[in-house]
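Per numbering that gives the first Met the number 0, the very first residue in the sequence shown carries number 0; after that it's consecutive.
Since the hints were derived computationally from the structure, they do not count as laboratory data.
Be a bit skeptical, because a hint or two may be false.
[As the list claims (entries may be wrong)] Cut-off 16 Å, straight-line C-alpha distance, at most; resulting in silico cross-link-like pairs (EDC-like, lysine to aspartate or glutamate):
no., residue 1, residue 2
1, 111, 87
2, 65, 258
3, 7, 258
4, 78, 101
5, 134, 108
6, 113, 163
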Amino acid sequence: MANANEIKTRIQSVQDTAKITNAMYLISSTKMQRAKRSLENTRPYYESLLHEIERVFASADDPESKYFYDPDKKNPDNKVACLVITADRGLAGSYNMNVIKEAERMFREHPKTKFFVVGDYGRHYFDRHGIPYVKSFDYTANVPHIREARDISDVLLDSYDSGEINMVYVIYTVMKTAITSEVDTIRFLPFDRGDFMSSEEKLKKELGRFEFFPSYKEVLDNALRSIETGFVYSTLVYSFCAEQNARMGAMDSANKNAEKLLAELRLQFNRARQAGITQEITEIAAGELAQKRKRIKKQNEEVETS
Numbered sequence: 000m001a002n003a004n005e006i007k008t009r010i011q012s013v014q015d016t017a018k019i020t021n022a023m024y025l026i027s028s029t030k031m032q033r034a035k036r037s038l039e040n041t042r043p044y045y046e047s048l049l050h051e052i053e054r055v056f057a058s059a060d061d062p063e064s065k066y067f068y069d070p071d072k073k074n075p076d077n078k079v080a081c082l083v084i085t086a087d088r089g090l091a092g093s094y095n096m097n098v099i100k101e102a103e104r105m106f107r108e109h110p111k112t113k114f115f116v117v118g119d120y121g122r123h124y125f126d127r128h129g130i131p132y133v134k135s136f137d138y139t140a141n142v143p144h145i146r147e148a149r150d151i152s153d154v155l156l157d158s159y160d161s162g163e164i165n166m167v168y169v170i171y172t173v174m175k176t177a178i179t180s181e182v183d184t185i186r187f188l189p190f191d192r193g194d195f196m197s198s199e200e201k202l203k204k205e206l207g208r209f210e211f212f213p214s215y216k217e218v219l220d221n222a223l224r225s226i227e228t229g230f231v232y233s234t235l236v237y238s239f240c241a242e243q244n245a246r247m248g249a250m251d252s253a254n255k256n257a258e259k260l261l262a263e264l265r266l267q268f269n270r271a272r273q274a275g276i277t278q279e280i281t282e283i284a285a286g287e288l289a290q291k292r293k294r295i296k297k298q299n300e301e302v303e304t305s
């Protein structure tokens, strides 16, 4: 059994660690709330943009765009790309590995998939395990910004426009509840036409037809590119919020484990201290008894001598 000083040092170490995990919990909570506010601030713009696209649908007889999904068009594996969104660091429970597992599943099913990676964790994992990727977007671990989303969107859209890829998926994490998160894989490009036709008949009656310059197709393509940027931004924010939520959960578990460990260590410390006190009392009592016997023996010797 360790002595009281060793246990006391261990208690201090656990308390110092608990201070760090508690601070990380609070930081993650603040970052998550700030990211949610940023997303809410940009949402009205993209909702308005979506409304304008619906107006194009209502005004054009048969709107066409290269960014719309054609169910009759074949998409071979070597034309498929995937954006994988991970964190820059760990200490977030199973957040990163859940994304990686989904990416590995896609890689097994479609070995020719062209991967684009967000986050240092994903990039290092791909490098270590020999999974090829086209580009890694190196951004800091701060709250995602619309500029970063635009950079990612431009790279993917340029590859799509050039014909290097004809279908793009995104693997990201979304918070289902305040406790649980789930990895989702959705198609980033091309769009489904049905996503923009919900209010077409209503808009035709309310707004009538519009003229577009230079053409409705160019207006539509430009609006769809902006929608793609907003979509990338939303997936970055959702993933970031899920990451911070996972880190909060991990730090909360660490804090609870620290409290449990401290309770056990304090109990051990009290036992060790009590054992030390008992030993000191025993030694004092034994020493007193020895001195008493020595005095009695001395007195007996003096009596016999006299």
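Hints and how they fare:
no. : hint      : in the structure
1   : 111 x 87  : 26 Å, violated
2   : 65 x 258  : 58 Å, violated
3   : 7 x 258   : 15 Å, holds
4   : 78 x 101  : 19 Å, violated
5   : 134 x 108 : 21 Å, violated
6   : 113 x 163 : 10 Å, holds
The structure fails to meet hints 1, 2, 4 and 5 from the earlier list, while all remaining hints are met.
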